[in-house]
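Participant: Keeping their order, the protein sequence lines are chains A and B. Numbering that gives the first Met the number 0 numbers the first residue of the first sequence as 0 and each following residue consecutively. Numbering that gives the first Met the number 0 numbers the first residue of the second sequence as 0 and each following residue consecutively.
Take the hints with a grain of salt, since some may be wrong.
What the hints assert, rightly or not - Straight line, CA to CA, 16 Å or less: simulated EDC-like cross-link-like pairs of lysine to aspartate or glutamate:
#, chain 1, residue 1, chain 2, residue 2
1, B, LYS35, A, ASP276
2, A, LYS169, B, GLU103
3, B, LYS36, A, ASP248
4, B, LYS272, A, GLU275
5, B, LYS57, B, ASP77
6, A, LYS194, A, GLU40
Source of the hints: derived by calculation from the structure; they are not laboratory data. Computed from a predicted model, the values in this text were never measured in an experiment.
Residues per chain, in single letters:
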Amino acid sequence: MERPILEIIKNIEEIPTLPMVAMEVMTLSKSPDVSIKAISECIHRDPPLAAKVLKLANSAFYRRGTQEIDTLHRAILMMGLNEIINITTSVSVLSVLGTRDKGGESLRIKFWDHCVATGLIARHVDKKIRMKAQGREFVGGLLHDIGKIIFDEFFHEKFMEAHALSIQRKCSMFEAEKEVLGTTHMEVGHFIAQKWGLPPYIADINLYHHQPGNAKFKDITSLISIANLLAKAKELSCGGDSVSFVLKDQEAWHILRKMGYSMDVLDIERITFEIEDIGEEVKTYLSAVSEEPVAEGANG
Amino acid sequence: MADYLPSAAVQMTDETFRLLRDFIYEHSGIYFSDNKKSQLENRLSLRLRANNLPDFDKYYYMLKYDPQASKELRALFDSVTTNETSFFRSPPQIQAFQEKALPEIMERRAEKGEKILRLWSAGCSTGDEPYTMGIVIKEILSEKIKEWDIKIFASDISEKALKSARASTYNEYTLRSVPPEIKTKYFTQSGSQFTVCDEIRMLVELQYLNFNDTKRVKLMRGFDIIFCRNVLIYFDDDAKKRFVAQLYDNLNPGGYLFIGHSESLHNISRAFKLVHFPGALGYKKE
Ligand SMILES: [Fe+2]
Ligand SMILES: [Fe+2]
């Protein structure tokens, strides 16, 4: 009876799952002494996945040197195991959820613009405050709102209703969702992240990016919380109310400050100007992950 | 206009761009984001010629190490802010003014039963800014504007600029960002010239004011919103700090200061709360 839609989601059979191999990579990545060999062998068992990972590793977005990275093994050596796990997480979730616009609904495109922007801004702020989240901040930002996609896919009408309500009432999306759908994208995103075996920090970010004080991974969730706001301030928002906010008054800000990050000396204005043209980078990333046919033989 | 230069031959490398960008930001608080590289390149190529320098590297070193560079700084700031005035410039900022700051202040005022608004366009140049503010207020209040006591003070140090502000007549180019319906509603056209209508002009009070005249600046009290765009760049850090502290005092509690779209008060004032609006920043006095 309580939270019926969340219950329904928990029982919907059509809810896609991650490819087996991706789930295995997630599991492997949780063990502290995972080897390069184990990860690369595992990804190889799913050639399309391997090809996608390599494609992204070679894209304008990730590529550092001029030399093409032609094998996974090489990719891991050059980019580090963490980054390859990050890329695997991103491409497998994105290929299941689909980054393409469905039937001309502009909300989907806006949704991914918002998510990629949040990831990019998180990466930028991570550098500024030296959190050293090692690319997890990008994946965390990219996947912080996956509950919204599930709403859009399975409760499209109601989700649109919530969207309209949040604009009309100038309230946040999650308040409108709570009213129309009886649950929020945070709860649903958290459920999906767990169901798919995504790294625990991603499940945590999904559940708490609007209340970082409750998070287990407080630092990265607070970082995403801030990046989420800044993405909206750049008008890269997936709908809902248009926000104005004082960064220094945010719970996330206080948390990071208390944790010892150098928030007091941050030049917020400059950061805001620096992310001015982030839209370009968002496009670069999205075109790198878009589902064009992947080149043959990339699974060496 | 000045952004176009026939065959600007000298190119700015990315590295020099970053050096110059950081230098300008440090000295003026104005930030050139990566997508404004060619804008900076075009504008500064005039300065290269004026100084007879072969490339931007040399220009940067002159700024940084030449003891005479303070004179050049002024010319540099002029060239980076030229042609910055026009009606409805920087739409996100106007949107923040129109949809966030003004309604917030008006609501509070109306609740208290004191329907008074005091605004200041500090450094109003040829009047584009105060008239834009007036139009926005009229658009919000419509006929209810009669219930309000509204004054937009507009000050500048240039008599020449004030003279054109008084004439309040502009060409098509100055009005390029004005939505057509606003143009027909608030301007009377004669030939290629557009004059601001009286109901908006009545809201605006133009006056000469030198910001160094601290006594008079102090008297500018009780403002709800101050626009002070691209003015601070001409002050050194200490003068900037003093002037911004003064602007803070000039505001009512709950009031807002808006500066240039890519201008920053970082390291200049900690008194204000920095507010992020969609696409624009504002400084709030609490
Ligand atoms: Fe969210
Ligand atoms: Fe979000």
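Participant: Work down the list of hints and note, for each, if the structure agrees.
Facilitator: So, going through the hints one by one against the coordinates:
1. Taking the CA atoms of LYS35/B and ASP276/A, the gap is about 10 Å. The hint holds against a cut of 16 Å.
2. The hinted pair formed by LYS169/A and GLU103/B meets the criterion: a straight-line CA distance of about 14 Å does not exceed 16 Å.
3. Of the supplied pair hints, the one linking LYS36/B and ASP248/A is violated, its CA atoms being roughly 33 Å apart against a limit of 16 Å.
4. As the CA atoms of LYS272/B and GLU275/A are separated by approximately 21 Å, the hinted pair breaks the 16 Å bound.
5. In summary, the hint linking LYS57/B to ASP77/B is not supported, as the alpha carbons are separated by about 20 Å, beyond the 16 Å threshold.
6. Simply put, LYS194/A and GLU40/A have alpha-carbon atoms about 24 Å apart, too far for the 16 Å limit, and the pair is violated.
Violation of the numbered hints given earlier is confined to hints 3, 4, 5 and 6; the remaining hints are satisfied by the structure.
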